[in-house]
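Those protein sequences? They're chains A and B, same order as listed.
First residue of the first sequence: 1, per the numbering used here; consecutive thereafter.
First residue of the second sequence: 1, per the numbering used here; consecutive thereafter.
Treat the hints with caution; some may be incorrect.
Pairs count within a copy or across copies, as identical chains cannot be separated in the list.
Claimed, not checked - Think about it this way: if two alpha-carbon atoms lie no more than 25 Å apart in a straight line, the pair counts; the simulated SDA-like pairs of lysine to any residue are: (1) K92 - L278; (2) K20 - P91; (3) K96 - H267; (4) K96 - E274; (5) K96 - G288; (6) K96 - R9; (7) K92 - L266.
These aren't lab readings, by the way, just hints derived from the structure by calculation.
Protein chains: 2
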Amino acid sequence: MTDDIRKPRLYGAIEAGGTKFICAIGDQHGNILEEARIDTRAPAETLARVLEYFAAAQSRTAQLAALGIGAFGPLDLNPASPTYGFITSTPKPGWKNTDLAGTLGRALRLPVSIDTDVNGAALGELRWGAGRALADGRSPTSLAYVTVGTGIGVGVVHHGRPVHGLMHPEIGHVSIRRHAADGSFAGTCPYHGDCLEGLASGSALMARTGRPLSHAPADDPVWAIEADYLGQLCALLVLCHSPQRILVGGGVMQDRLYAAIQARMLHALNDYVEAAQLRGADYITAPGLGAAAGIKGALLLAITVGDGLLHHGT
Amino acid sequence: MTDDIRKPRLYGAIEAGGTKFICAIGDQHGNILEEARIDTRAPAETLARVLEYFAAAQSRTAQLAALGIGAFGPLDLNPASPTYGFITSTPKPGWKNTDLAGTLGRALRLPVSIDTDVNGAALGELRWGAGRALADGRSPTSLAYVTVGTGIGVGVVHHGRPVHGLMHPEIGHVSIRRHAADGSFAGTCPYHGDCLEGLASGSALMARTGRPLSHAPADDPVWAIEADYLGQLCALLVLCHSPQRILVGGGVMQDRLYAAIQARMLHALNDYVEAAQLRGADYITAPGLGAAAGIKGALLLAITVGDGLLHHGT
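Please take these sequences and the hints and turn them into a complete structure.
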């Protein structure tokens, strides 16, 4: 007990993205003590650098208790599967069928908890961020976390647990209805063309307008188009998941979008779902942890390894 | 213990629909011992007849242990809400803001567990029906139950628990993309016009073709249209919920639709989600409990009152 107070339990956390791996050491209260950025190259090279970081960190600080990974996917998250913890069918060159959790866990001899980056972020927001107020101990706790960046990812937590099943949700790739002013744009998704990600991600915005949304003039129709697409997403989340709150972040998001997204969500729902909260100023809001949602989510995955709420490999 | 063997624990179950209330007495093994059908009229009249049935049943058999209700909605399922167990914003005349669970529970002095009819059916299928094989004790257990009748309802279970949040899912009302051969049909949903229910429910089929699907000639384009819409729904369920299996039942369903729906689901996903199960013959299948899924689901709600897995009122 005395020992616990002197030396906080330390955990490794990885936010594994298509562009960079953020590696960090954190404690059980959600504090990130140190952090490093490693560019995402081929798996062997990238994972070797990740292992170097954690080996050095363990020799500097203390033995870590566990490793949490929030990763791009798709991932195999079925603990009964022989490829549990693998990145599976990603279009990212070289990364298909990469044993992410197993490789790192075996080399570092740590228990590993892995989930999608967005499921991890949703858990982190629920524990330490904009979802904290939702856990009143009586209501079912459910939260959706949306990130609109190069791609679009959505994590969902119900009853305090991330949604898993056959695999995990891939809500960024749902079909939406085309905005009338967006008629000629084919969309950028290599699988679906004009799915949500193909129409509303940062890549789609760049392909459609040649500049990021933040650089578009205030009267450019792209603002209304983007708000409509993300409003359709939020309406879909209400119909499919009924979350108590929807957090929307990522590099594409701008302050003026939130109210516009909510208006388009309400337009799409057309009063079918009667819940006063849908009209509240905090129903669709920014992540409380900001850009740290991903790495803090990965830290929480590490902290909750083996507590029965999350699956883990070894 | 001896007493338990002689007298099985009995439960009341109600499948509360817009056309009829099925009331039943069942045991802890899922057997329905007796059943009655009560036409759905105004709430006071309907609930009075429901109460008569259960009062008589209790005097004939034994004190019931609990009451389970699977109901049409929308429902307030937040146990912290003052209107928990109410039917809320239904367009059904007279039924808006009806305290379904409270009225019956107080009059019968029974603990009540209430959920949507489709969430109840999904739980029942998982315990006794076509979802039994999914619960292997290791994988996360998730199942979607779709009923295509007058309307379209979808229940979803994750980790063995029905999805609740702000309210409950209303997946029947999602937007889908219009089939090219269905261009001129406006849709029948009073809220959304051409949402899924507005285009693909039994009411929509009657409005579009003047006859039920089962009476359409084999070469009528309506078959391809219906399969496409339900295939879009299944693709959406895979992307949003990643269920291990999708059960599709209800009065509209015909045997030849299953393979066609699966083909349209795979077309919509376009290999983005790589899971061999999606191509399996049992991924999209009929409910194992058939038409009894709803009432057995309500029975299971009663059985699990107070076991910590489901919320309940008193």
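These are the hints, each one checked on the structure:
| no. | hint | verdict |
| --- | --- | --- |
| 1 | K92 - L278 | between (37 Å within a copy, 23 Å between copies) |
| 2 | K20 - P91 | within (16 Å within a copy, 50 Å between copies) |
| 3 | K96 - H267 | between (40 Å within a copy, 22 Å between copies) |
| 4 | K96 - E274 | between (43 Å within a copy, 11 Å between copies) |
| 5 | K96 - G288 | neither (33 Å within a copy, 37 Å between copies) |
| 6 | K96 - R9 | neither (34 Å within a copy, 53 Å between copies) |
| 7 | K92 - L266 | between (36 Å within a copy, 22 Å between copies) |
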